[in-house]
Amino acid sequence: MIRDATDKDLIDILDIYNDAILNTTAIYDYKPHTLEERKEWYKNKKDAGYPLLVFEADNKAVAFATFGPFRSWPAYKYSIEHSVYVHKDYRKNGIGEMLTKELIKIASDMGYAIIVAGIDADNKKSIKLHEKLGFKCSGTITKAGYKFGKWLDLTFFQLELIGPSNPIEE
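FYI, in our numbering the residues of the sequence shown are 1 to 170.
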């Protein structure tokens, strides 16, 4: 079941996120985050009006998805970058696809023009999923990160949405 995250989901979200930090190249970070950092992140997402969804199974959040600004300058206000993370024990069940589709719908309804995905170039499953959903490769930054004793390349994908009917420069 997909639903809005609550503060009660933060422990599950933290567990999923920290596992990704420690065991994957989905996040170019080295150290696990704290519950206090997740609380601040949650508050910032909610205050800014960005969605924060969870997929609930077995009475807990087993995946989460959100989006936020792609870049901080005002002219990027119609571009967002999304994130989807699934607990290692619940992968390969279509949960990531369901959450991504829901984010696309929300972003369309909110009038965004582009959704960006920054994906480690070796993450073939995520790349395949994004291509299946209509995302197009927009380039790769080589040596964008260094983790697990090797250089990491970051590939960007984008999905074009309808965007606002009357974009403004403000």
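Check before you lean on any hint, since a few could be wrong.
As the list claims (entries may be wrong) - In silico BS3-like pairs for lysine-lysine, Cα to Cα no more than 27 Å straight-line:
no., residue 1, residue 2
1, LYS92, LYS105
2, LYS105, LYS147
3, LYS8, LYS46
4, LYS105, LYS132
5, LYS77, LYS92
6, LYS92, LYS124
7, LYS105, LYS136
8, LYS136, LYS101
9, LYS105, LYS125
10, LYS31, LYS147
11, LYS92, LYS60
12, LYS124, LYS101
13, LYS77, LYS39
14, LYS77, LYS132
15, LYS88, LYS101
16, LYS60, LYS77
17, LYS132, LYS92
18, LYS77, LYS8
19, LYS92, LYS136
20, LYS43, LYS77
21, LYS46, LYS101
22, LYS150, LYS88
23, LYS77, LYS31
24, LYS105, LYS60
25, LYS60, LYS45
26, LYS124, LYS88
27, LYS124, LYS147
28, LYS46, LYS105
29, LYS43, LYS92
30, LYS101, LYS39
31, LYS132, LYS31
32, LYS124, LYS150
33, LYS8, LYS45
34, LYS128, LYS105
Note that these hints are calculated values from the structure, not bench results.
Under the constraints set out in the numbered hints, which ones does this structure not fulfil?
The structure breaks hints 2, 5, 16, 18, 23, 29, 31; every other hint is satisfied.
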